[in-house]
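I would like the entire structure built from these sequences, with the hints used as guidance.
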Amino acid sequence: MIAIRKFYYGDYGESKNGTADISSSNKTKNEWPLWEVFIRSKQGLDHKHAGSLHAADAAMAIENARDVYTRRMEGLSIWVVESKYIHASNPDDADALYDPANDKAYRHPTFYNLPDAVKHM
Amino acid sequence: MEKNLETIFQDKIDNEIKIEPKDWMPEKYRQTLIRQISQHAHSEIVGMLPEGNWITRAPSLRRKAILIAKVQDEAGHGLYLYSAAETLGISRDEMYDQLHTGKAKYSSIFNYPTLTWADIGAIGWLVDGAAILNQIPLCRTSFGPYARAMVRVCKEESFHQRQGFELLLTLSKGTEQQKAMCQDAINRWWWPSLMMFGPSDDASPNTAQSMQWKIKRFTNDELRQKFVDMIAEQVKVLNMTLPDKDLKWNAETKHYDFGKINWEEFWQVISGNGPCNKQRLDTRKKAWADGAWVREAASAYAEKKAAKQSMHAA
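These protein sequence lines map, in sequence, to chains A and B.
Numbering follows the working numbering, in which position 7 of the first sequence is assigned residue number 1253; successive positions increment by one, without gaps.
Numbering follows the working numbering, in which position 4 of the second sequence is assigned residue number 1441; successive positions increment by one, without gaps.
These aren't lab readings, by the way, just hints derived from the structure by calculation.
Treat each hint with caution, since some may be false.
Claimed, not checked - The calculated lysine-lysine pairs, modelled on DSSO-like cross-linking and capped at a C-alpha distance of 27 Å, are:
| # | chain 1 | residue 1 | chain 2 | residue 2 |
| --- | --- | --- | --- | --- |
| 1 | A | 1330 | B | 1741 |
| 2 | A | 1294 | B | 1455 |
| 3 | A | 1294 | B | 1501 |
| 4 | B | 1501 | B | 1610 |
| 5 | B | 1455 | B | 1592 |
| 6 | B | 1592 | A | 1288 |
| 7 | B | 1745 | A | 1330 |
| 8 | A | 1330 | B | 1742 |
| 9 | B | 1449 | A | 1294 |
| 10 | B | 1697 | B | 1685 |
| 11 | B | 1682 | B | 1697 |
| 12 | B | 1455 | A | 1330 |
| 13 | B | 1651 | A | 1350 |
To be verified - Using C-beta positions, here's what the derived DEER-type ranges look like:
| # | chain 1 | residue 1 | chain 2 | residue 2 | range |
| --- | --- | --- | --- | --- | --- |
| 14 | A | 1345 | B | 1696 | 54 to 64 Å |
| 15 | A | 1327 | B | 1740 | 10 to 20 Å |
| 16 | B | 1465 | A | 1319 | 33 to 43 Å |
| 17 | B | 1591 | A | 1327 | 24 to 34 Å |
| 18 | B | 1588 | A | 1345 | 52 to 62 Å |
| 19 | A | 1291 | B | 1722 | 39 to 49 Å |
| 20 | A | 1309 | B | 1696 | 42 to 52 Å |
| 21 | B | 1591 | A | 1290 | 25 to 35 Å |
| 22 | A | 1291 | B | 1552 | 45 to 55 Å |
| 23 | B | 1442 | A | 1331 | 21 to 31 Å |
| 24 | A | 1338 | B | 1689 | 28 to 38 Å |
| 25 | B | 1682 | A | 1328 | 55 to 65 Å |
Where is the CB? At the ideal position from N, CA and C, for every residue including glycine.
What follows is the structure, given as structure tokens:
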């Protein structure tokens, strides 16, 4: 049996702990691709992940995102990207990736004790 | 190793750390969530049908615009939830398939007919009111995508309940016929709304495990009691009554006592023998089949456009 993969957001390739593997794509052969939706809620703010949806192409994905995610003025700008193009870090690597930051308290301003007489710093 | 992963998983849950799609999770947790989220999604989608019935017959343009907005919201809620379920490894088509073949359940309430305009008010007030009580704790459910979807749903749901109550309030101040229509709708929707919370705790096999995994935060009976206490007060504002002769305030428990639920009816409706089960599923299946050419045409168009683009690039 060949494992055919379907991509979900945050998917990161083969892993024994992955939950998004399914062994057959028969059931999805007619499905429109999955898109991730990012919305800027206000001029000056970042686009933020809002959710996902299915659409045949990018134009339809933006139209659907307008209907599904911005019915109450939640957005002024929409980005869509096909979910299969998103690459993500593996949670199994979390220790190796993020632990080294833990013991570098000197990167924070509160690490430095200065006399109260010093103002505006 | 397996035990270790499971301990880490339960530790996260106990410490209120959300589980995300890529994290390790017990297979049973995944399956429980797929079942619960997809059934929830199906309920939103099928839930459009009883109300959609009345869009063309709404008594004013104002009511019509409100009802269209509400039904559109339900579609949106279904889509948020389907997406959340998809992060667990089930495809949209599989879920549709489960709904259309009758393998998946949806809320039993939507198998009751909407006979009069007052039913639209009763659905908003009672059915959405019951749904909100279920959904608010789900905003803190342990699976991240489900919790995020529920936050969005809850934000939108509040208007649904308020418009329903306002609709009934208007009827309750109307002519004798309008008042009677209002009372009749309440009479028919009250008991099915109570059943929406699901079987009582001792007959609900999934509750204990779901509580430990913090998928559920309150038991069915706890939420049902909360609902009764809430509605028993609100109905007074409408000058209407609830169809339960055993309903009365219990000063000792500080809750309303209420009559026995007809669980036989609940199981009958759940297993396909409700007044509208067949009609609802047939409508869904027809909509899906009628839309097939649209889905195919859009895919074909996208493919053609992509092919043209790669030709230009070459």
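Checked hints:
1. The straight-line distance between the Cα atoms of residue 1330(A) and residue 1741(B) is roughly 20 Å, inside the 27 Å bound, and the hint therefore holds.
2. Between residue 1294(A) and residue 1455(B) the alpha-carbon distance is near 19 Å, which keeps this suggested pair within the 27 Å criterion.
3. Taking the CA atoms of residue 1294(A) and residue 1501(B), the gap is about 33 Å. The hint is violated against a cut of 27 Å.
4. Under the criterion of a C-alpha separation no larger than 27 Å, the hint pairing residue 1501(B) with residue 1610(B) is consistent with the structure, at around 20 Å.
5. For the proposed pair residue 1455(B) and residue 1592(B), the alpha carbon gap of about 20 Å is at most 27 Å, so the pair holds.
6. This hinted pair checks out: residue 1592(B) and residue 1288(A) have alpha carbons roughly 19 Å apart, not beyond 27 Å.
7. Annotation: proposed proximity of residue 1745(B) to residue 1330(A) holds, straight-line Cα distance about 21 Å (limit 27 Å).
8. With a C-alpha separation of about 19 Å, the suggested pair residue 1330(A) and residue 1742(B) falls inside the 27 Å cut-off, and the hint holds.
9. A distance of roughly 25 Å separates the Cα atoms of residue 1449(B) and residue 1294(A); the hinted pair therefore holds under the 27 Å criterion.
10. Between residue 1697(B) and residue 1685(B), the direct Cα distance comes to roughly 13 Å. Compliance with the 27 Å bound is thereby established for this hinted pair.
11. Annotation: proposed proximity of residue 1682(B) to residue 1697(B) holds, straight-line Cα distance about 11 Å (limit 27 Å).
12. A threshold of 27 Å between alpha carbons decides the hint, and for residue 1455(B) with residue 1330(A) the separation of about 24 Å falls inside it, so the pair holds.
13. Taken as a hint, the residue 1651(B) and residue 1350(A) pair is broken in the structure, with Cα atoms around 35 Å apart against an allowance of 27 Å.
14. Taken as a hint, the range 54 to 64 Å holds for the pair residue 1345(A) and residue 1696(B), whose Cβ atoms sit roughly 59 Å apart.
15. Taken as a hint, the range 10 to 20 Å holds for the pair residue 1327(A) and residue 1740(B), whose Cβ atoms sit roughly 19 Å apart.
16. Roughly 41 Å separates the CB atoms of residue 1465(B) and residue 1319(A), a value that falls within the hinted 33 to 43 Å.
17. Evaluation of the 24 to 34 Å hint for residue 1591(B) and residue 1327(A) yields a pass: the beta carbon distance comes to about 27 Å.
18. Roughly 31 Å separates the CB atoms of residue 1588(B) and residue 1345(A), a value that falls outside the hinted 52 to 62 Å.
19. A C-beta distance of roughly 43 Å is found between residue 1291(A) and residue 1722(B), which places it inside the suggested range of 39 to 49 Å.
20. Distance hint check for residue 1309(A) and residue 1696(B): the Cβ-Cβ separation is about 49 Å, which falls inside the suggested range of 42 to 52 Å.
21. Under the hint 25 to 35 Å, the C-beta atoms of residue 1591(B) and residue 1290(A), about 27 Å apart, fit the expected range.
22. Residue 1291(A) and residue 1552(B) have their C-beta atoms about 48 Å apart, which keeps the hinted 45 to 55 Å range intact.
23. In this structure the hint that residue 1442(B) and residue 1331(A) lie 21 to 31 Å apart at CB holds, the actual value being about 30 Å.
24. In this structure the supplied range 28 to 38 Å is violated for residue 1338(A) paired with residue 1689(B), their Cβ-Cβ distance being about 54 Å.
25. The supplied range of 55 to 65 Å is met by residue 1682(B) and residue 1328(A), whose beta-carbon atoms lie about 59 Å from each other.
Going through the hint list in order, the structure does not satisfy hints 3, 13, 18, 24.
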